[in-house]
Structure formats: structure tokens, C-alpha cells
Amino acid sequence: MRRFLTSFVAAGALLIGANAWAHHPFAAEYDANKPAHLEGKVTKVNWTNPHAFMTVEGKADNGKTERWSVELGSPNALNKHGWKRNMVKAGDEVTVKGWYARDGKHVINAEGVKLNRTGRELDARSSYHDAAAN
Amino acid sequence: MHRAFFWSALGLSVALASSCSSSKSATPPAPAPNAMANTTPLIGDMKPVVSVKELMEYMIDPASDYVFDSVKTIVQPNGKVVEIVPKTDDDWKKLQVGAVTMLEGIYLLKVQRPFTPAGDVNNSVGPDANELSPTEIAAKVQKDPVEWNARIEALRNVGLQVLEIVKKKNTQELWDASENLDEACEACHRSYWYPKEDANFYRTLDKRLHDAPAPKGAFVASPKR
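Chains A and B, in that order, give the protein sequences. The first sequence begins at 1307 in our numbering and counts up by one. The second sequence begins at 26 in our numbering and counts up by one.
A few of these clues could be false.
[As the list claims (entries may be wrong)] Below 20 Å or equal to it, Euclidean Cα-Cα: the simulated DMTMM-like pairs (lysine to aspartate or glutamate) are:
| # | chain 1 | residue 1 | chain 2 | residue 2 |
| --- | --- | --- | --- | --- |
| 1 | B | K192 | B | D114 |
| 2 | B | K105 | A | E1363 |
| 3 | A | K1420 | A | D1367 |
| 4 | B | K105 | A | E1427 |
| 5 | B | K232 | A | E1427 |
| 6 | A | K1420 | B | D236 |
| 7 | B | K78 | A | D1367 |
| 8 | B | K194 | B | D70 |
| 9 | B | K221 | A | E1372 |
| 10 | B | K193 | B | D115 |
| 11 | A | K1390 | B | E108 |
| 12 | B | K221 | A | E1335 |
| 13 | B | K135 | B | E178 |
| 14 | A | K1390 | B | E204 |
| 15 | A | K1386 | B | D231 |
| 16 | A | K1386 | B | E198 |
| 17 | A | K1340 | B | D116 |
| 18 | A | K1420 | B | D231 |
| 19 | A | K1411 | A | D1337 |
| 20 | A | K1390 | B | D201 |
| 21 | B | K221 | B | E172 |
| 22 | A | K1386 | B | E208 |
| 23 | A | K1420 | A | D1398 |
| 24 | A | K1386 | B | E204 |
| 25 | A | K1395 | B | E108 |
| 26 | B | K78 | B | E211 |
| 27 | B | K105 | A | E1399 |
| 28 | A | K1340 | B | D153 |
| 29 | A | K1386 | B | D153 |
| 30 | B | K232 | A | D1337 |
| 31 | A | K1340 | B | D231 |
| 32 | A | K1390 | A | E1335 |
| 33 | B | K72 | B | E129 |
| 34 | A | K1386 | B | E211 |
| 35 | A | K1411 | A | E1335 |
None of these hints come from the bench; they were simulated from the model. Owing to the predicted nature of the structure, the values given are computational and were not obtained by experimental measurement.
Work the whole structure out from these sequences, hints included.
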């Protein structure tokens, strides 16, 4: 069981470990000229610093169903935006708006996430985004 | 020319930084009875091997991952929620390895070294250039070395906090410390690495995203500001 869990976590880390650096400029990883739209089903949520991540299987702008890693703000920033840890569950249908990764990997930096079940829109940006904008 | 300016700026900045962080005197200080208690004297010269950028990439950033990765909540595909926290002595030992490496590595940022490897100017040229060049960073440090030192000390304080938490094995405080670490890292990066990602940058992003044509029936994020 422990081995399974370790393997699972390791696989998850590979999937979400799209960023070589824990901290990075937006423009180093994401393309400000490529707005992203993704609709699909959440398969995993990882609440961790410095960024939380969701794994979503769904259709992006190309219409194909694929697995995407969605980078969110830090857990602290998400809490301030009204997120709760039990709010998004595996299997939930969501719509994500954000930005595609520069390198073409299946990674999106989310600006907003809509929970299709309730229609609630949640701000997914980082606290730095807010700090810079204030 | 740029290179000469860069090294001059670096030299001056480090000299200024040193004058702010220590009480240098003309005569060599007496040997400290306890080297851990006296942070000023060095036993010998320090010769850096890598740039600030490489020090971050190969030492401080991976060491910080020990802290970030030590505590998390994972909602698994089967719906099960798994809380990852240090549990065993080995878990805490690994965390301590990361904390000590990070903590000691942070002070190496005070040692004179180039900000980037030779030939690396960061993402400072071109249409999407959002990062400061090493020359610009050096000039900024030269202009206000107190800030450079203050940010190092702020980061180090978080490292000290983590070490204390390891001693107490307090997982809740570990989560708080990981947030503090995130904020300390990011505050410094936003000042020296990508200050151009400011309010205007994000307003432009927000507007561009809001104005982007969405597929039929798609959700459009509400403009927040």
C-alpha cells in the first residue's frame, strides 16, 4: 500500500512538475498571447506551495479530450479568493480560463475556474498577481 | 563595456552590502571563541563557483522543495483525500536536510558572484522581455544594497523558522512556514528578477483574457479590476 502511494505521488509529481523552478515569472512559463480555455473533469487536486495544481481531463481549444495540468495560485491566495479544500472534488466538471504554456506542454496557468455544477466562478490567480495589481 | 560595468557594479554593491551587514574594522578581528556565534569573520577567502541564478537553481530552489513538498493535501482521482505531512523520523530528517541546505545557501547570496552565467542575460531582450538583465540587477543592488541584504535576512528568518519547526515536529506550523517561504522568495524575485510583471502587466493580461473570443457557450472570467 505504501509503495502504491509512493508511486502514485511520484507519478503525480512528474505530471505536475512542469515547472523546473518552484518560483518563476509568468512570462517564463506561459504565453501572454495564448489565452486558454479548457472544459473537463477534475481528476486530481494538489494543494501545495508555492502553487496548487489541478489535473483536468477535458477539451481545450483544439477540441480533443486530453489531460491538462492547471496551475493555480498558492493555497493561501486561493483561500483568500474563497476556495475551500473540499470545494473541488475529483469528478467535478470545471471550466478553466487562463494561459497556455510557452513550451507546448499540457499546462495552463489558470486565471479563473468555474465549477459547472454550481456555476460558481473562482479566482485562481496568485497572491503576487493581486499584489502587483493593487 | 557592459561586462566591465557589471563587475564594477557587483564589486561596489558587495562592498556596500558588507558595510551594512557587518562592522568591519581596519585591524583583523580577534578569533571568535565560537564561530557559530560570530557571523562576521571568515577563516579564509570565499570563491564562488556559480552565479546567483545557478545558486538558486542548483541549491536554494531544490532545498526549498523539501519544505514545499513536505506538506500538502491531495485529492486523488478516486476522491480520497490524502494529507501529506512528515510522519517518521526519516521524514523529519529529510526536511532538516533541506532546511539546513537552504538556510546556509541563503547567506551565500552575500558572496560576490555574477548574477547569471556568462552570456545569460535573462529574458531581458525581445518583445516579451519581462526580466531584468544581470546588468540591471547589479545596478539595482548597487543603488540600494540594504534592500538586497534585508531580503536575504527575511528569507533566512523563514529558514530559521523551519528549523525550529523541525525540532518541534509541528506540521501545522510547517504549513504556515511554507507559505512564509513562498512569500519571501516571491517578494525578492518580484523586486530583482521580474519587476516588470507589475500592475500594468496583469491588467493587460486580464483585459486580453476577457476580450479573447471564447468558444460557443464558454465561460468567460469576470474582469476583477
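Evaluated hints:
no.: 1; hint: B/K192 with B/D114; result: holds (11 Å)
no.: 2; hint: B/K105 with A/E1363; result: holds (18 Å)
no.: 3; hint: A/K1420 with A/D1367; result: holds (16 Å)
no.: 4; hint: B/K105 with A/E1427; result: violated (24 Å)
no.: 5; hint: B/K232 with A/E1427; result: holds (17 Å)
no.: 6; hint: A/K1420 with B/D236; result: holds (17 Å)
no.: 7; hint: B/K78 with A/D1367; result: violated (36 Å)
no.: 8; hint: B/K194 with B/D70; result: violated (37 Å)
no.: 9; hint: B/K221 with A/E1372; result: violated (33 Å)
no.: 10; hint: B/K193 with B/D115; result: holds (15 Å)
no.: 11; hint: A/K1390 with B/E108; result: holds (15 Å)
no.: 12; hint: B/K221 with A/E1335; result: holds (15 Å)
no.: 13; hint: B/K135 with B/E178; result: holds (10 Å)
no.: 14; hint: A/K1390 with B/E204; result: holds (16 Å)
no.: 15; hint: A/K1386 with B/D231; result: holds (19 Å)
no.: 16; hint: A/K1386 with B/E198; result: holds (19 Å)
no.: 17; hint: A/K1340 with B/D116; result: violated (41 Å)
no.: 18; hint: A/K1420 with B/D231; result: holds (16 Å)
no.: 19; hint: A/K1411 with A/D1337; result: holds (12 Å)
no.: 20; hint: A/K1390 with B/D201; result: holds (17 Å)
no.: 21; hint: B/K221 with B/E172; result: holds (18 Å)
no.: 22; hint: A/K1386 with B/E208; result: holds (15 Å)
no.: 23; hint: A/K1420 with A/D1398; result: holds (10 Å)
no.: 24; hint: A/K1386 with B/E204; result: holds (13 Å)
no.: 25; hint: A/K1395 with B/E108; result: holds (15 Å)
no.: 26; hint: B/K78 with B/E211; result: holds (15 Å)
no.: 27; hint: B/K105 with A/E1399; result: holds (17 Å)
no.: 28; hint: A/K1340 with B/D153; result: holds (13 Å)
no.: 29; hint: A/K1386 with B/D153; result: violated (30 Å)
no.: 30; hint: B/K232 with A/D1337; result: holds (15 Å)
no.: 31; hint: A/K1340 with B/D231; result: holds (12 Å)
no.: 32; hint: A/K1390 with A/E1335; result: violated (27 Å)
no.: 33; hint: B/K72 with B/E129; result: holds (16 Å)
no.: 34; hint: A/K1386 with B/E211; result: holds (18 Å)
no.: 35; hint: A/K1411 with A/E1335; result: holds (10 Å)
Comparing the model with each numbered hint stated earlier shows that hints 4, 7, 8, 9, 17, 29 and 32 do not hold.
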